[in-house]
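*Asks:* Now for the letters of each chain:
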Amino acid sequence: MKQTGVKLFLVCPVVALLVQTGLAQTTGTITVTGTTPTAVSVTNASDAALSTTVALGSLTPAAGGGLITGSVQARLRSNKAYTLSAQAAALNLSNPAAADGGSSITLSDIGFGITAVDATGANVATGHTDTIVSLFNYSSGFPAITNGLTPFVAGTNATLNDLTANTQILSGSRISAKGNISTNNNFVLLTLGIATLPQYFTPNTGFSTTVTLTIAAP
Amino acid sequence: MISRHATVVLITLSLPISALAQNHRVTNASDGVLVATAGLGTLTPGSSSKPTATQVQFRLRSRQSTGYRVDCQATFTTTLLAVAAGGATVSAGDVGVGITSVTPASGAILPRSDVISAGFNYDPSAQSTVNGLTPFAGAASGQATLADLAAGMKILSGNKVNNTINTGSSTTNYLTVTMKFAVVPQYFTPANFSSVLTLTISNGP
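Chains E and L, in that order, are what the protein sequence lines are.
Counted the way the working numbering counts, the first sequence spans residues 1 to 218.
Counted the way the working numbering counts, the second sequence spans residues 1 to 205.
Source of the hints: derived by calculation from the structure; they are not laboratory data.
In this text the structure is predicted, and so the values were computed from the model without any measurement.
Check each hint, because a few of them may be wrong.
To be verified - Computed footprint of chain L on chain E; a stretch qualifies when at least three of its residues, placed anywhere within it, have a C-beta under 8 Å from a C-beta of chain L:
(1) 76-85
(2) 102-112
(3) 176-189
As the list claims (entries may be wrong) - Derived list of chain L stretches under chain E, where covered just means 3 residues or more per stretch with a C-beta under 8 Å from a C-beta of chain E:
(4) 21-33
(5) 109-117
(6) 130-136
(7) 177-187
(8) 192-201
The beta-carbon is built from N, C-alpha and C at its ideal position, and this holds for glycine as well.
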């Protein structure tokens, strides 16, 4: 038996044309990146840091009488659902006289709550809603005075005594559609009310407390 | 028995376009491949009337007798970190883009007749916000944004730069282009965003 093998190898020689392909740069790319983070703010009505003093003045008891009130306005902004909480420091009395069996003014004698929420700006997020924690909802006003005594009922009408710990007073959906802290129509305008009834409390030359507001987007 | 073994090795040479045949080149400011990142960072809204800005510089070389043109096309993507909930999310229209300078190196042919396309000849970082909102009105109003580049368009053109397009530290045959990007930090929906701009240089004008 005859075996004939024909092996054919055709190899095209590779000519190494060393072209400078890597230098043929007629295109390039630029990647622009950024992050718009979760953002919240609480400012005063002029868009500056909120640091306001509410002076209730000299609280001289009178017949009948009425609540001495004060208010603070704050602008809230957020790009997410938010919560607003408040905390009151201990009441500081200056130069108190002897109590002599009477009562001194306390945090429970100072009503505190939300009297108005305005979210009507053009750059407020569509469908925005706010919910006031019922205890702090004074949108219908402070309670009437009965018998010349503090009208705030514990558990029903909020006082600064309800804020001895950081406590949520308001929440809501996203507030701001866009814009920054200078934008005049992307915020919730919050009005906080403070009230107390002048009574024959133990004399002092002044009292004070600081309420700290904190907005968060959990 | 007769057996035949035939092996054919075919090698196809696909010759890419050689730089030797190129008339243009776009590189970064070190003559490397232009793959730049312009980070605008974390854009926390504040009270400033000025946008947050960043810039990229790149070099153009052209030996084409009819000059060059640079086209740019931009994509824009966002990754939401929270629901929009009735608010706005940053978009391509919120990012201003402009060419703030075209500077010839010492070997560039003079006089120059480089032309920045309408709307791109401005500094977006120098714009002031109105009511804390995006100030860029679009290329048609002289303040281009990335939205103007969605379909791609010419942003720059000019005459021949030099007789060569060689690169290297000793070369002076290029134009340095400065491109700026700016955005006003706002209460946009929490998100990450990115935009990829593809620059292409070709025969002008």
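*Asks:* Confirm or reject each hint.
*Replies:* Cross-check of the supplied hints:
no. : hint    : result
1   : 76-85   : holds (count 5)
2   : 102-112 : violated (count 0)
3   : 176-189 : holds (count 11)
4   : 21-33   : holds (count 7)
5   : 109-117 : violated (count 0)
6   : 130-136 : holds (count 4)
7   : 177-187 : holds (count 7)
8   : 192-201 : holds (count 10)
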